[in-house]
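Novice: Letter by letter, the chains look like this.
There are 2 protein chains.
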Amino acid sequence: MKEASTEIQILEAARQVFTQKGFAAARMQEIADRASINKGLLHYYFRSKEKLFLAVFEEAFQRVTHRINEIFEADLPLFEKIEAFVHNYLDTIIENPYLPGFVVSELNRNPTQFLHTLFAKRQKPNPTKLMLQIQQEVERGRIRPIHPVNLVLNILSMCIFPFVARPLFQSITEMDDATYFQLMKMRKKDITEFVLNAIRLPETN
Amino acid sequence: MKEASTEIQILEAARQVFTQKGFAAARMQEIADRASINKGLLHYYFRSKEKLFLAVFEEAFQRVTHRINEIFEADLPLFEKIEAFVHNYLDTIIENPYLPGFVVSELNRNPTQFLHTLFAKRQKPNPTKLMLQIQQEVERGRIRPIHPVNLVLNILSMCIFPFVARPLFQSITEMDDATYFQLMKMRKKDITEFVLNAIRLPETN
DNA sequence: GTCTATAGGTAGATAGAC
DNA sequence: GTCTATCTACCTATAGAC
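As given, the protein sequences belong to chains A and B, one line each in that order.
Just remember that my numbering sits 9 ahead of the position in the first sequence, which is counted from 1.
Just remember that my numbering sits 9 ahead of the position in the second sequence, which is counted from 1.
Treat the hints as calculated values from the structure; they're not laboratory data.
It should be emphasised that the depicted structure is a prediction, and the values quoted were computed from it without experimental measurement.
Some hints here could point you the wrong way.
Claimed, not checked - Stretch-level coverage of chain B by chain A, calculated; a stretch enters the list once three of its residues show a Cβ under 8 Å from a Cβ in chain A:
hint, segment
1, 23 to 34
2, 145 to 156
3, 179 to 187
4, 197 to 204
Stated by the list, open to error - DMTMM-like cross-link-like pairs, simulated, lysine to aspartate or glutamate; straight-line CA separation at most 25 Å:
hint, chain 1, residue 1, chain 2, residue 2
5, B, Lys30, A, Glu59
6, A, Lys138, B, Asp185
7, A, Lys30, B, Glu59
8, A, Lys30, B, Glu67
9, B, Lys138, A, Asp186
10, B, Lys197, A, Glu146
11, A, Lys197, B, Asp199
12, A, Lys194, B, Glu148
13, B, Lys30, A, Glu68
14, A, Lys90, B, Glu202
15, A, Lys138, B, Asp199
16, B, Lys138, A, Glu183
17, A, Lys90, B, Asp199
18, B, Lys138, A, Asp185
19, B, Lys30, B, Glu67
20, A, Lys133, B, Asp186
21, A, Lys30, B, Glu39
22, A, Lys138, B, Asp186
23, A, Lys197, B, Glu146
24, A, Lys130, B, Asp185
25, B, Lys198, A, Glu148
26, B, Lys198, A, Glu202
27, A, Lys58, B, Glu39
28, A, Lys30, B, Glu68
29, B, Lys133, B, Glu92
30, B, Lys133, A, Asp186
31, B, Lys197, A, Glu148
32, B, Lys198, A, Glu212
33, B, Lys194, A, Glu148
Claimed, not checked - The following residues of chain B were derived to be distant from chain A, with all beta-carbon distances above 12 Å:
hint, residue
34, Leu20
35, Ala41
36, Arg43
37, Phe55
38, Leu63
39, Asp84
40, Leu87
Glycine included, each C-beta is placed from N, C-alpha and C at the ideal position.
I would like the entire structure built from these sequences, with the hints used as guidance.
Specialist: Laid out in structure tokens, this is it:
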């Protein structure tokens, strides 16, 4: 199956170049070189640079958002759901540390209509059920009062931002890659504790 | 003073185009159009696209990091320092909502040597004193045990990430701009409370 | 399916008139 | 200082041989 193999080689090479350079700075020549094939072949398999990019981006977007809905909609008590989410999601990002930065960067300079077509094809991340669950816990007086959007946003921020700002963070702290990833793994427990402490009610007697 | 006025017009136009499109996708023609001057003039004032970009980027970077050190090194009790930081920093970002995304995006695709020259000229963000202060509070048993790096990273994440991921966030929540900014203003208080609750010790009798 | 060669368009930079 | 015109290089995309 030379066709499949070549197509996958191209996609893998394109993923590397696009995620590193972004759409505008990426060069079809570099993708071809990295896939060890000729530039013309890129247009044979994918008609244009734009279409090749979309194939790469949608897969990346899928990877970043895939597990979110699963856990958001799972049937778990809030505290356990938060723990499951942070652990699962951080594992996913650690395996693909470049993806969050790639997705948000490209999203920042594309028309919103781009997002609409994306949401039409793939599932849209849907935090409704989780936010409802938070709202209920607040109303029942089981956690501190907090706006559900803020809680979800806080959790996502702490999980994702350290990867988006990774170059700056590592420069400032003069942290090598191994130490960085060690810290990120530890943060699975740390973020969970941090969030639970923030929303847990003080013990009342 | 036509010279000064023109130079400022160029810088302002360049800022708009670069922050919106990024370096690679930005076009000198568009910058010239937006500044209502000719393309040749761009090269008269700034020798190249790269130099014009650096002028814009350094100023943006400066704006994003300027107030950080001030507050990081201020002489305040920890809780008040956290509150002051979140409020001040969020105000700064709300006034320049596009800057965080611009800075992290461009940093993700530039060699780290770029950061070194940057740190040489401008001050490097320096959280050392704040982290030391956190460490002391932990050791004195005045707050819950937490790794100082994690606490600082959590605060920064919650402040900055919602702006970096703004397009995605607004699409998912179907939130208009006014509501978005209203939420961000409220988050000054919300993030502060969230953090303080997370690190505050349970009342012991 | 894969290659080479090249068309066609565009963008950064320069030259030179005013 | 500001403009017009142009050079040069590069990049996407296509044509066509194998």
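Novice: Straight-line Cα separation of lysine 30 of chain B and glutamate 68 of chain A no greater than 25 Å?
Specialist: 23 Å, holds
Novice: Do three or more residues from the segment 145 to 156 of chain B put their C-beta atoms closer than 8 Å to C-beta atoms of chain A?
Specialist: holds (count 3)
Novice: Would you mind confirming whether the straight-line C-alpha gap from lysine 30 of chain A to glutamate 39 of chain B stays at or under 25 Å?
Specialist: This hinted pair holds, its Cα atoms lying about 22 Å apart.
Novice: Are all C-beta atoms of chain A more than 12 Å from that of arginine 43 of chain B?
Specialist: 16 Å, holds
Novice: For the pair supplied as a hint, lysine 138 of chain B and glutamate 183 of chain A, confirm whether the alpha-carbon distance does not exceed 25 Å.
Specialist: Holds. Lysine 138 of chain B to glutamate 183 of chain A sits at ~16 Å (cutoff 25 Å).
Novice: For the pair supplied as a hint, lysine 198 of chain B and glutamate 212 of chain A, confirm whether the alpha-carbon distance does not exceed 25 Å.
Specialist: 23 Å, holds
Novice: Please settle this one: phenylalanine 55 of chain B was flagged as non-interface, so is its CB more than 12 Å from every CB on chain A?
Specialist: 20 Å, holds
Novice: Verify the proposed pairing of lysine 138 of chain A with aspartate 185 of chain B, using a straight-line Cα cut of 25 Å.
Specialist: 21 Å, holds
Novice: Are the Cα positions of lysine 30 of chain A and glutamate 68 of chain B separated by 25 Å at most?
Specialist: 23 Å, holds
Novice: Could you grab the alpha-carbon distance between lysine 30 of chain B and glutamate 59 of chain A and see if it respects the 25 Å cut-off?
Specialist: Measuring from Cα to Cα gives roughly 16 Å; hence the hint holds.
Novice: Quick one, are lysine 30 of chain B and glutamate 67 of chain B close enough, alpha carbons at most 25 Å?
Specialist: At roughly 17 Å apart (the allowed maximum being 25 Å), glutamate 67 of chain B and lysine 30 of chain B satisfy the hint.
Novice: Is it true that the CA of lysine 197 of chain A sits at most 25 Å from the CA of aspartate 199 of chain B?
Specialist: Cα-Cα ~23 Å, so holds.
Going through the hint list in order, the structure satisfies each hint without exception.
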